[in-house]
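Each protein sequence line maps, in turn, to chains A and B. For the first sequence, position 31 (counting from the first letter as 1) is numbered 31 according to my numbering, and the numbering increases by one without interruption. For the second sequence, position 179 (counting from the first letter as 1) is numbered 179 according to my numbering, and the numbering increases by one without interruption.
For the record, the hints were derived by calculation from the structure and aren't laboratory data. Because the structure is a prediction, the values reported are computed rather than measured. One or more of the hints may lead you astray.
[Stated by the list, open to error] So the derived list for chain A, only partly shown, Cβ under 10 Å to chain B, looks like this:
1) S39
2) N42
3) E49
4) Q50
5) P54
6) D55
7) R59
8) T66
9) P70
10) S74
11) I78
12) T80
13) N112
[Stated by the list, open to error] Here are some chain A residues pointing at chain B (derived, C-beta under 7 Å):
14) E62
15) M65
16) I68
17) G75
18) A111
19) E115
20) I117
21) E122
22) V128
23) S129
Don't be surprised by glycine CBs; every beta carbon is placed ideally from N, CA and C.
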Amino acid sequence: MVEATTHDSEADGVRMDLISGARMDGLTSMEKIRLILDSVRNGDIVVLEQGLTPDEESRLIEVTMTEISPDDFSGIEIETYPRPSSSSGGFISRLTGSDSEANKLTVIGPANQIETIEKDEEFISTLVSRK
Amino acid sequence: MGLLTNLRDSISRVTDRLFSESEPKRIGIYGPPNAGKTTLANRIARDWTGDAVGPESHVPHETRRARRKEDVTIERNGKTVTIDIVDTPGVATKVDYKEFLDHDMGKEDAVKRSREATEGVAEAMHWLREDVDGVVYVLDSTNDPFTQVNTMLVGIIESQDLPVLIFANKTDLDDADVKRVADAFPQHETVPLSALEGDNMDEVYEKIAAYFG
């Protein structure tokens, strides 16, 4: 995992965790979700080299909802490149193990600190602010 | 009657129950907040049963519990389909109580509403993974459909191998753009409608009967 900060000290800046696909491959679904939410709740931005599966995304939304609390944590902002329409990720792709949908860069951050400025199939631009 | 015959009858009863065509399919109405899901659920329920499903509102997250209307029988072109309609809370990745303060709500009520909304979203996700047989995905056709929540939700629905129809709602509004919705999800059929005005409901019922019958 590469860790980058935009300033010399974390107190002044926003921490970004760039997490490799290899690092995530060794984790269970709940470990991935915990890793993401612990970072995001700490005010960090998480960038995943490979995205989550649809089932993991579903559980990420569900767990995020259970952790929202007034004036503390209002949820997450998440962006990935749009899925190509030809890969539905259905039964056949699961059967053959060709889960190409997971190979998508994903940016996740606290909802009150990250805002998507521009996004298309090949580009994500986000504005990140300090707490 | 031998043991084998009893066993065969028992298995037959179980499989009949599991795969019975007469068992109503549960069709989940999903989409982001304020897409008009409850308005659609009420329109369908009123047209075929005379009852409503739940209250409608312009305030986001009005629906904070999944509501099921059972045994809604729709007849179209000689074909009859009986479904359970499940009206679900709008799905979001964030809920901030402050957004409710703009709707003439005090902090206490806004916090309560946001807490209920988060429970509702979690409940909707659980229904999607476990308890629906098909999905009607409702979008406000005056809004940009290329949002992360829409992309994720449709991806989750596809990964469950559930039949899905995209409903481009609110076509009665001037800035509705059905083509933009259809272009966002070209792998699925998009049906334009105004649930509020009852526009194009004939096609809505034809597609429901064809997809979920």
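Results for each hint:
1. S39: Violated - the Cβ of S39/A stays beyond 10 Å from chain B, reaching only about 15 Å at its closest.
2. N42: violated, 17 Å
3. E49: Since chain B brings no Cβ nearer than about 18 Å to E49/A, farther than 10 Å, the hint is violated.
4. Q50: violated, 15 Å
5. P54: holds, 4 Å
6. D55: With a minimum Cβ separation of about 6 Å from chain B (threshold 10 Å), the hint on D55/A holds.
7. R59: This hint holds: R59/A lies near chain B, its Cβ roughly 8 Å from the closest one there, short of 10 Å.
8. T66: holds, 6 Å
9. P70: With a closest approach of 5 Å, the P70/A hint holds.
10. S74: Holds, because the Cβ-Cβ distance from S74/A to chain B comes to roughly 4 Å (cut-off 10 Å).
11. I78: holds, 6 Å
12. T80: This interface hint holds because 7 Å falls under the 10 Å limit.
13. N112: At about 7 Å, which falls below the 10 Å cut-off, the nearest Cβ of chain B leaves the hint on N112/A intact, so it holds.
14. E62: holds, 4 Å
15. M65: Hint on M65/A: holds, closest Cβ of chain B at ~4 Å, below 7 Å.
16. I68: Holds. Min distance 5 Å.
17. G75: holds, 3 Å
18. A111: holds, 4 Å
19. E115: violated, 11 Å
20. I117: Because about 14 Å separates I117/A from the closest Cβ in chain B, which is outside the 7 Å limit, the hint is violated.
21. E122: violated, 14 Å
22. V128: violated, 15 Å
23. S129: violated, 15 Å
Checked against the numbered hints given earlier, the structure breaks hints 1, 2, 3, 4, 19, 20, 21, 22, 23 and satisfies all the rest.
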